[in-house]
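Chain residues, written in single-letter form:
2 protein chains.
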Amino acid sequence: MKTEQAGFVEHITPKSEDFSRWYTDVVLKAELADYAPVRGCMVIRPHGFAIWENIQRLLDGRFKATGHKNAYFPLLIPESLLRKESEHVEGFAPEVAWVTRGGQEELAERLVVRPTSETIICSMYSRWIKSWRDLPVLINQWCNVLRWEKTTRPFLRTTEFLWQEGHTAHRTAEEAEQEALRMLDVYRDFATNDLAIPVVWGQKTESEKFAGALRTYCIEALMTDGRALQAGTSHNLGQNFARVFDITFLDEDNRLKHVWQTSWGVSTRLIGALVMVHGDERGLALPPAVAPIQVVIVPIMPPKDKEAVLARAREIAARLSGRFRVHLDDREEYSPGWKFNDWELRGVPLRMEIGPRDLKAGQVMLARRHSGEKESVSQEGIEETVARVLDEIQKGLYERARRFRDENTHDVDTYDEFQSIASSALPGFIRAGWCGSAECEAAIKAETGATIRCIPFEDAGKGTCVRCGKDGGRIVYFAKAY
Amino acid sequence: MKTEQAGFVEHITPKSEDFSRWYTDVVLKAELADYAPVRGCMVIRPHGFAIWENIQRLLDGRFKATGHKNAYFPLLIPESLLRKESEHVEGFAPEVAWVTRGGQEELAERLVVRPTSETIICSMYSRWIKSWRDLPVLINQWCNVLRWEKTTRPFLRTTEFLWQEGHTAHRTAEEAEQEALRMLDVYRDFATNDLAIPVVWGQKTESEKFAGALRTYCIEALMTDGRALQAGTSHNLGQNFARVFDITFLDEDNRLKHVWQTSWGVSTRLIGALVMVHGDERGLALPPAVAPIQVVIVPIMPPKDKEAVLARAREIAARLSGRFRVHLDDREEYSPGWKFNDWELRGVPLRMEIGPRDLKAGQVMLARRHSGEKESVSQEGIEETVARVLDEIQKGLYERARRFRDENTHDVDTYDEFQSIASSALPGFIRAGWCGSAECEAAIKAETGATIRCIPFEDAGKGTCVRCGKDGGRIVYFAKAY
Numbered sequence: 007m008k009t010e011q012a013g014f015v016e017h018i019t020p021k022s023e024d025f026s027r028w029y030t031d032v033v034l035k036a037e038l039a040d041y042a043p044v045r046g047c048m049v050i051r052p053h054g055f056a057i058w059e060n061i062q063r064l065l066d067g068r069f070k071a072t073g074h075k076n077a078y079f080p081l082l083i084p085e086s087l088l089r090k091e092s093e094h095v096e097g098f099a100p101e102v103a104w105v106t107r108g109g110q111e112e113l114a115e116r117l118v119v120r121p122t123s124e125t126i127i128c129s130m131y132s133r134w135i136k137s138w139r140d141l142p143v144l145i146n147q148w149c150n151v152l153r154w155e156k157t158t159r160p161f162l163r164t165t166e167f168l169w170q171e172g173h174t175a176h177r178t179a180e181e182a183e184q185e186a187l188r189m190l191d192v193y194r195d196f197a198t199n200d201l202a203i204p205v206v207w208g209q210k211t212e213s214e215k216f217a218g219a220l221r222t223y224c225i226e227a228l229m230t231d232g233r234a235l236q237a238g239t240s241h242n243l244g245q246n247f248a249r250v251f252d253i254t255f256l257d258e259d260n261r262l263k264h265v266w267q268t269s270w271g272v273s274t275r276l277i278g279a280l281v282m283v284h285g286d287e288r289g290l291a292l293p294p295a296v297a298p299i300q301v302v303i304v305p306i307m308p309p310k311d312k313e314a315v316l317a318r319a320r321e322i323a324a325r326l327s328g329r330f331r332v333h334l335d336d337r338e339e340y341s342p343g344w345k346f347n348d349w350e351l352r353g354v355p356l357r358m359e360i361g362p363r364d365l366k367a368g369q370v371m372l373a374r375r376h377s378g379e380k381e382s383v384s385q386e387g388i389e390e391t392v393a394r395v396l397d398e399i400q401k402g403l404y405e406r407a408r409r410f411r412d413e414n415t416h417d418v419d420t421y422d423e424f425q426s427i428a429s430s431a432l433p434g435f436i437r438a439g440w441c442g443s444a445e446c447e448a449a450i451k452a453e454t455g456a457t458i459r460c461i462p463f464e465d466a467g468k469g470t471c472v473r474c475g476k477d478g479g480r481i482v483y484f485a486k487a488y
Numbered sequence: 007m008k009t010e011q012a013g014f015v016e017h018i019t020p021k022s023e024d025f026s027r028w029y030t031d032v033v034l035k036a037e038l039a040d041y042a043p044v045r046g047c048m049v050i051r052p053h054g055f056a057i058w059e060n061i062q063r064l065l066d067g068r069f070k071a072t073g074h075k076n077a078y079f080p081l082l083i084p085e086s087l088l089r090k091e092s093e094h095v096e097g098f099a100p101e102v103a104w105v106t107r108g109g110q111e112e113l114a115e116r117l118v119v120r121p122t123s124e125t126i127i128c129s130m131y132s133r134w135i136k137s138w139r140d141l142p143v144l145i146n147q148w149c150n151v152l153r154w155e156k157t158t159r160p161f162l163r164t165t166e167f168l169w170q171e172g173h174t175a176h177r178t179a180e181e182a183e184q185e186a187l188r189m190l191d192v193y194r195d196f197a198t199n200d201l202a203i204p205v206v207w208g209q210k211t212e213s214e215k216f217a218g219a220l221r222t223y224c225i226e227a228l229m230t231d232g233r234a235l236q237a238g239t240s241h242n243l244g245q246n247f248a249r250v251f252d253i254t255f256l257d258e259d260n261r262l263k264h265v266w267q268t269s270w271g272v273s274t275r276l277i278g279a280l281v282m283v284h285g286d287e288r289g290l291a292l293p294p295a296v297a298p299i300q301v302v303i304v305p306i307m308p309p310k311d312k313e314a315v316l317a318r319a320r321e322i323a324a325r326l327s328g329r330f331r332v333h334l335d336d337r338e339e340y341s342p343g344w345k346f347n348d349w350e351l352r353g354v355p356l357r358m359e360i361g362p363r364d365l366k367a368g369q370v371m372l373a374r375r376h377s378g379e380k381e382s383v384s385q386e387g388i389e390e391t392v393a394r395v396l397d398e399i400q401k402g403l404y405e406r407a408r409r410f411r412d413e414n415t416h417d418v419d420t421y422d423e424f425q426s427i428a429s430s431a432l433p434g435f436i437r438a439g440w441c442g443s444a445e446c447e448a449a450i451k452a453e454t455g456a457t458i459r460c461i462p463f464e465d466a467g468k469g470t471c472v473r474c475g476k477d478g479g480r481i482v483y484f485a486k487a488y
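So the sequences go chain by chain: A and B. Residue numbering for the first sequence follows the working numbering, beginning at 7 and increasing consecutively. Residue numbering for the second sequence follows the working numbering, beginning at 7 and increasing consecutively.
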C-alpha cells in the first residue's frame with residue numbers, strides 16, 4: 007500500500023481546520039483501520055491491531071496478577087435470557103442484532119448477538135456456584151460484541167467492536183465493592199502509565215450508569231478537541247443479576263445466599279483515544295509502551311556508502327532488537343524524506359537516522375516523534391541511550407497530555423460562565439457544583455450539551471448547584487463527550 | 007466447584023466401556039467446557055481456555071516468525087458477498103446463521119455470521135492491493151466463527167468455535183503453493199512438538215477439499231478409539247477468489263494480474279484432540295508444552311509438621327515459578343489423596359509430593375501423570391530435575407501416541423481385509439491403493455464408513471485400487487473420521 011501512501015502523507019486534513027476529518031484521515035491513512043462493506047463496521051488493519059495486541063498483553067498481565075482467569079462464553083444469547091433483567095433489557099434491546107435463521111430453519115426463539123455478556127455468564131454462574139468455597143469467581147473474557155449504533159466512527163463507535171469484559175462473583179457486598187474499585191484502579195494505572203493518557207475518575211450518575219448495575223465507576227479522558235471520552239467502566243452489580251438468575255451459594259453458616267457481582271470493561275475505543283490525545287498535524291504519535299514499532303532505523307544511503315551504512319544499520323538493529331520493537335527500513339524505492347513522513351504518520355515514537363557522516367563519527371541521529379527534537383548520540387551504549395530516550399518520550403507524552411487536560415479543566419461558579427465555556431471551541435472539563443437532582447442534570451445537558459462525566463471520589467468541597475443554586479451538593483466533572 | 011469434584015472424580019465412564027461418554031465426562035468434569043443454554047454452543051471454562059491461550063501463544067509465535075501479522079475483520083458478512091464465489095456459497099450457505107434484524111429495523115440485506123472469512127477479506131484485499139510492491143500480504147486473524155451444525159460435541163463440533171484463519175495473497179502461483187505448504191508444515195511441527203500428537207499429512211481429494219479452493223492440504227491425527235481427526239488444513243486458493251473479487255495488482259512488467267491466494271486454519275478442536283489422544287481412565291493427561299499447570303505441588307501435612315512442610319513447599323514453588331507454570335495446592339479442606347485424583351483428572355503432567363519424611367531426607371516425590379511412574383529426587387538442583395522430567399514427559403506422550411498410531415495403521419491389499427478392519431472396534435488408519443476415481447471413493451465411504459483422509463506427498467508406490475482393482479493409482483490414507 008506504500009505506493010498510495012506517497013500521495014497520502016501530504017493529505018491529512020489539518021487538525022485545526024476540521025478535527026473530525028483529521029481523525030478519520032489519520033485512522034485511515036496510518037492504516038489503523040478501514041471501512042468494511044458492512045453497515046457501521048470497520049476492519050482493524052495490522053498496524054491498528056498490533057496496538058490492540060499490546061493493549062491486551064499489558065492489561066491481561068494486570069488481570070492475571072490480580073487473580074483473574076480468562077474464559078469464553080457464547081456469542082449468541084437467547085432472547086429469554088436477555089429479557090430476564092428488566093433494566094438491562096431496556097438498556098440493550100433497542101440496539102442489538104437478531105439472529106432469526108440458522109441453516110435452513112427459522113428459529114423458534116430469536117438469538118441476540120451479545121452486546122455484553124452479563125446474562126449468558128450469569129446463567130452459567132448459577133450452575134457453577136454452589137458453596138462459599140467456590141467464591142470468589144474471577145473471570146475475564148476477550149471477545150467481540152455488537153451494538154446496532156445509529157452513527158458510527160472507527161474505534162469510537164462501531165456496530166462491532168473488540169473488548170474485554172470481566173465478570174466476578176463474591177461472597178459479600180464489601181468484596182464486590184472492593185473488586186469494582188480495584189479494577190477501576192487497574193484501568194487508571196494502565197491509561198496513565200502505558201497509554202500516557204491522564205484520566206479523571208469517579209462514579210457515574212444514576213442516568214449514566216450501566217443498565218442493571220448498582221453503581222458504575224469510570225475513567226474519563228480529555229481529547230485534544232476539548233471533548234471527553236469514557237475510557238473504561240467498572241460496575242458494582244450488587245445482587246440484581248444474582249436474584250434474577252438465582253445465583254446462590256451455601257455460606258459457612260449453612261445459609262443460602264445470593265452472590266454479589268461486578269463487571270468491568272475496556273474496548274478498542276482506547277485506540278481512538280490514543281489518536282485524539284497524542285496525534286498531531288503529521289499523524290499519529292504513539293507512546294512507546296503500546297507502539298507496534300518503538301524504533302525505526304532509516305539508513306541514509308548514497309550509492310558509494312550504501313553497503314557500509316546498511317551493514318552498520320543492521321548491526322545496530324540486531325543489538326536493539328532483543329530489548330525493543332525495532333524495524334529497519336532498508337527499502338530502496340523510497341527516499342529517506344518520504345520514509346520520515348511515512349513513519350511519522352504511523353506514530354513510531356523514535357526514529358534513528360544513520361548515514362555516511364554518522365558512520366565516521368560513530369554516531370546516529372535520534373528524532374523524537376512527539377516533539378520533533380533531534381540529537382546526535384554515540385553508537386556506543388546505544389541500547390542504554392534508546393532505553394532512556396523511550397522512557398523520556400513515554401513521560402513526555404503523558405506530561406504534555408496532563409498539561410493540556412489541566413489547562414482545559416475549568417472551575418465554574420455561575421451558569422453563564424458554564425454555558426459560555428460549554429459553547430466555546432475548546433470546552434474541556436468543567437468542574438462545577440450539582441445538587442444531585444436528575445432534573446438539573448437533564449436541563450444542563452439539554453441547554454449546554456454537557457453531561458456529568460463523573461462524581462469524583464474525593465469531596466472537592468463546596469457544592470452549590472451551578473444551575474438551581476441549591477447548596478450541599480457535590481462538585482462534579484461536566485464535559486461534552488464522545 | 008471443588009465440593010462437587012470429590013464426587014465427580016470417581017464417576018468418569020470407563021474409556022473401554024463407552025469412549026464417547028468417557029470423552030464427554032472428561033471434558034465436563036475436568037472443567038474444560040460446559041454446555042451453554044444455546045443450541046450446540048459450549049462455554050470454554052478457565053482450565054480449557056488456558057490450554058487455548060497456550061496453543062495461541064505457541065502458534066502465533068510461529069506465524070509471526072514466518073512474517074505474518076494479525077488483523078481483525080467483521081463478524082457479519084452481507085449475503086451478496088458470500089454468494090459471489092459459487093462453490094464457496096454452496097459449501098457454506100446451508101450451515102450459516104442469519105442476522106435479519108438490527109435494532110428496530112428489518113435489514114434490507116441479510117447478514118451471515120461468518121462461517122469463515124474468505125469473502126469479507128477478499129473484498130478488502132481488492133481495495134488494498136494495487137502494486138507488486140504490496141505483495142505478499144500475509145495476514146492472520148484469531149476469532150470466533152459459527153456453523154449451524156446438526157449434531158454437536160464439545161470442542162469437536164460446535165455451532166460456535168474459536169480458531170485462527172490465515173489469508174495470504176501472492177504475486178505468483180509458486181509463492182502461493184509454497185505458502186500453503188509452509189503453513190501445513192508449521193501445523194505439523196506444532197502438533198508434533200507442542201501437542202505431542204503425531205500426524206500424517208498430505209492432500210485432500212476433490213470431494214474433501216475446501217469449498218472454492220484449488221487444493222487443500224491437511225494434517226490428520228489418530229484418536230485412541232481408532233478414528234481420525236482432521237487437525238489442521240491449508241488451502242491453495244489459486245486465483246478463484248481473486249477473479250471473483252477482482253483482486254489485481256500492477257506487476258513490475260506493467261501488466262495487471264490477479265493475485266494467488268492461500269488460507270489456513272486450526273481451531274479449538276485441537277483441545278478435543280488432546281483429550282482423545284492422551285487421556286485415560288483417570289482423565290486428562292496434558293503435554294507440558296500446553297498444560298496450564300505444569301507442576302502441582304501437594305504438601306503432606308500432618309498437624310505437627312504442617313508449618314515446616316508448607317514453608318519448604320513454598321520455597322520450592324518460588325524457585326520453580328520463574329521457569330515453569332507451578333501451582334502449590336495448600337488447601338486444607340481436602341486430603342492429599344483427593345488432591346491427587348483431582349489434579350490427575352485435570353491432566354497436570356507432573357505432581358510433586360513433599361511430606362515430613364521428604365523434609366528430613368532433603369527430597370521430594372515426583373509422580374508423572376501419563377505413566378504413573380514415581381521417583382524420589384533431591385531438592386538440590388530441583389529446577390534442572392523438573393526441566394529434565396517435563397522434557398521426558400513431553401517426549402513420552404509423543405512416543406506413546408506414535409506407537410499407538412503406528413500399531414493401528416494397516417497396509418491393506420484386499421477389499422475384504424479393508425472392510426473387516428473398517429468394521430472392527432479399533433479401525434485406525436488404513437493405507438490402501440486408490441484409482442483416483444470419485445466413484446470408488448464414494449463407494450468405499452458408503453460401504454465401509456471410511457473416507458480418504460489424505461493423499462500422502464511421498465509416493466508410497468504400488469497403487470492398485472483396493473476396490474476396483476485398477477492399477478497405477480496412489481496409496482492413500484483411509485479412516486473413519488470425526
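Simulated from the structure, these hints should not be mistaken for lab results. One thing to keep in mind: the hints can contain errors.
Have a look at the derived ranges for each label pair, beta carbon to beta carbon [said to hold, decoys possible]: (1) Ala324(B) / Asp24(A): 56 to 64 Å; (2) Gln245(A) / Arg337(B): 46 to 54 Å; (3) Asp191(A) / Pro43(B): 28 to 36 Å; (4) Thr198(B) / Gln245(A): 48 to 56 Å.
Residues from chain B shown here face chain A by an in silico Cβ test under 7 Å; the list is partial [stated by the list, open to error]: (5) Pro52; (6) Thr72; (7) Gln209; (8) Pro309.
Every residue, glycine too, gets a C-beta built ideally from N, C-alpha and C.
Which hints, by number, does the structure contradict?
-> 2, 6, 7, 8
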